[in-house]
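Given only the sequences and the hints, what does the whole structure look like? Please build it.
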Amino acid sequence: MTIRHLDRLLSPASVALFSASQRAGSVGATVWRNLRAGGFQGPVWGVNPKHAQLDGVPLYASAAMLPAAPELAVLCTPPATIAPLVAQLGALGTRAAVIVTAGLDAAQKQATLDAARPYLMRLLGPNCIGVLNPHIGLNASFAHADALPGEVAFVSQSGALVTAMLDWARSRGIGLSRLVSLGEHCDVDFGDLLDHLASDAQTRAILLYIESVEAPRKFMSAARAAARNKPVIVVKAGRAGNGLAAAASHTGALAGSDKVYDAAIRRAGMLRVDTLQELFGAAETLALFRGNQSETLTIMTNGGGAGVMAADAAAREGVTLAEPSPELLHRLDAVLPPNWSHANPVDIIGDAPLERYTATLSALLTDPAAGAVLFMHAPTAIVRSDDIARACLPLARQAAPRVMGCWLGDAAVAPARQLFEAARIPDYATPEEAVHAFAMLQTYRRNQRMLMEAPAASGNAPPDGAAARRLLDQARAEGREWLDEEEAKAVLRAYGVPVVRTLAVAADTKAVLAAAAELGYPVALKIRSPDITHKSDVGGVRLGLSDPDALAQAVVAMKQAVAAARPQAHVAGFTVQPMAQRPHARELIVGASVDAVFGPVILFGQGGTAVEVLADSAVALPPLNRSLARELVSRTRVARLLDGWREHPPAQMEALYDVLIAVSQLLAAQPLLAELDINPLWADEAGVLALDARIRVAREPVSGAQRFSILPYPDEWVRRLDWRGRPVTVRPIRPEDEAQHLLFLQRIEPEDIRMRIFQTRRELPRSELARLTQIDYDREMAFIVEALDAQGEVETLGVGRTVSDPDQVEAEFALLVRSDLKGRGLGSLLLGLLIEHGRSRGIARLVGVVLRENTAMLQLARAMGFADDGSEPVASDTRRVVLALT
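Just so you know, we're using the numbering used here here: the sequence shown kicks off at 770 and counts up by one.
Keep in mind the hints are simulated off the structure, nothing from the lab. Check the hints yourself; a few may be wrong.
[Said to hold, decoys possible] Computed beta-carbon distance windows for the label pairs:
{"hint": "1", "residue 1": "A1379", "residue 2": "W937", "range": "53 to 61 Å"}
{"hint": "2", "residue 1": "R1395", "residue 2": "H1353", "range": "22 to 30 Å"}
{"hint": "3", "residue 1": "R1395", "residue 2": "Q1337", "range": "39 to 47 Å"}
{"hint": "4", "residue 1": "T1199", "residue 2": "A929", "range": "43 to 51 Å"}
{"hint": "5", "residue 1": "A837", "residue 2": "A1556", "range": "54 to 62 Å"}
{"hint": "6", "residue 1": "G944", "residue 2": "L889", "range": "43 to 51 Å"}
{"hint": "7", "residue 1": "Q1322", "residue 2": "R1468", "range": "39 to 47 Å"}
{"hint": "8", "residue 1": "R1249", "residue 2": "T1199", "range": "52 to 60 Å"}
{"hint": "9", "residue 1": "D1558", "residue 2": "L889", "range": "47 to 55 Å"}
{"hint": "10", "residue 1": "R1468", "residue 2": "R941", "range": "16 to 24 Å"}
{"hint": "11", "residue 1": "P827", "residue 2": "E953", "range": "29 to 37 Å"}
{"hint": "12", "residue 1": "R941", "residue 2": "P1122", "range": "47 to 55 Å"}
{"hint": "13", "residue 1": "R1614", "residue 2": "G1592", "range": "26 to 34 Å"}
[Claimed, not checked] Derived lysine to any residue pairs resembling SDA-like cross-links, with alpha carbons at most 25 Å apart:
{"hint": "14", "residue 1": "K1591", "residue 2": "P1496"}
{"hint": "15", "residue 1": "K1028", "residue 2": "S1403"}
{"hint": "16", "residue 1": "K1304", "residue 2": "A1341"}
{"hint": "17", "residue 1": "K1028", "residue 2": "N1216"}
{"hint": "18", "residue 1": "K1304", "residue 2": "A1330"}
{"hint": "19", "residue 1": "K819", "residue 2": "S783"}
{"hint": "20", "residue 1": "K1591", "residue 2": "S1640"}
{"hint": "21", "residue 1": "K878", "residue 2": "R939"}
{"hint": "22", "residue 1": "K1591", "residue 2": "D1547"}
It should be emphasised that the depicted structure is a prediction, and the values quoted were computed from it without experimental measurement. Yeah, the Cβ is synthetic: ideal placement off N, Cα and C, and Gly gets one too.
Shown next as structure tokens:
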């Protein structure tokens, strides 16, 4: 429904438990005990018509008899009672309920949702453990233990993991800000809680245990918004899950559901880990070390073996060890004995006195090229570990966050470890843990960079979308599921993908020979059949046919092979194509399919006939731009081959990125495209060439930009207008507008800034500027008006912005026009476009909060149909104006 009233669920002022019980071992008794024992300061009421009191506390027979409407109701009553009880509580004024009860059938769940909807009452569950907020002593759950207060929120679909997490966290002294069991999440889901926790001041990191996502667009928007504010770390169950069993293409088989979840988590700027222990370890690393931007690592150790273990871990994790510069080597030679390692790891030798530790650490931290420093120490009898820690801590604090600690051992190094932890220097028990944490941080930074990308649905030259659409529509009209090879290549040509010339001919030798004579030998021969998708599997491909005799024999042999392998298949003929001579080409696959959860996805990897066996592929969510296409390619092993080796020159990567962006365009513009394989796609120093392609057509739309999990740049809202005799462009803002937007803001007078944000700002932080230009088009819109200045440079004249609540019922607007252009109609132009956009998105009402003294803005709003809704006190400095859009 909405994020409204989630504060009543997570931080209520009063709680009522329905089916409070004294029966030992019952859910009602356990929840009652937890509510009473947790230290919650608000009233806790029990409801049970069978008992007058419980533990000396009066019970109430029904909701109507409660002293007041509880802010939170916890329901443990039988399934048939839940919907009527929710309706009764909603009418009384309750706005949140935890449904602990299990066993509700589909009709009962729907009846409960229907009962809650008129009151925007929030429902957690059914079949959930409950909710805990240790900061207010709330334990509205039947968990076996309470939680310690802390700054980490945990949201889980698994009740068992909620209790396991409680046990695990308490035993390690780890505190939680919120702990929520979603259960069957008929209402409150991950998206709702991410939106709420993103702005929760008591939560600095959000941990999720995910089994499934039902509202992908909502989830992705909420996750991306939350991940901009604080670390969001995910354990996703089901890494061993299979792909879609019905997939008919290589792409469909390779793009399994877990790979798509992984792509979604990456694209949302979150971090995926595998275990509960990693979940908390990642949260701690990001809390203490997130500010580190180093791409390389230097290992400092007093033991060669420990250094080798750390270096081995770095090799496994793909962490680059910094190469010491000549200047650094010179500084280290001055403070280390002659037999030191002279390399990274920097082995300072086991007999190192205190001064050697501080001198070495100082030298490393003086050199920015040394990157992050992993400080490792194994206890010796030469000097106490805690003395080393005290001596090195001033250097580590001054260079934070560049230092990671690894005190090897247990009791002998415990005081040193405690000193580092108290100073908030990240510390790890083993070299492997430390290196893994650094690798995880690099992954997190890459994911955060992806979060900042907001590409358009298009990126290459304008395609001939109409030609491609005709081919897809024709196949659907004829009842065909697959385009033939020539049709598929025609679709690719329409989107700018280079394809090998192909002639489709009838199933007779004469036609085949005539086609080969036109193309020139040598040629490739392939079977044409709507019933055969993988031609090589049935002997339907022959390559390198160098003369008419070899070609004629291949025609006969291919007919026999196909008839034996697929006797029921209809053979429409053959395709003939010239054999391309590109000795340095690497075989790749580029494909697309539609995931059951996240919609259209794009796949890239190593191609060829053994593509499933090689399984060297990666998946991304569209839309793509060059940065995202480059990142997708980089996640495969074949990427290293594309860089070139020995006599093989590097492939032309820009041409490859063009193909990936073209596939993104196809998915955005062609809703009937269900599956696509370009395999093999050749890539070499001359560019790319598609040798074979398959496209499956859906009966109903399954693709299209509106089915993307991340809404692409809405280029349909780009308008070119004449404003007072000056050509202007009005368009949605882009991430790359950051520099241009900063120049625009610098031309705004301080008083105009105050009218806009109610305070005067002398400077804008880089993070806030990025937030203004990197927007989620599913929830926000920012239209800019731009034109050419006297020097022919593009400049921004004004901006109009709306931000809607997650349920898109209400959107708040704001306008800002350059100070030297006020009063000339730009505000009216922008507000009119925001109103049009809001109506197109189904927003119910547009609101603005305007300073009372901003008479120009109030007059403009009234002229555009807005009215003061009267919600602001008469003495307030602001007015709230509202326009109903529906």
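**Item:** Numbers of the earlier hints that this structure fails to satisfy, in rising order
**Value:** 1, 4, 6, 10, 12, 20, 21, 22
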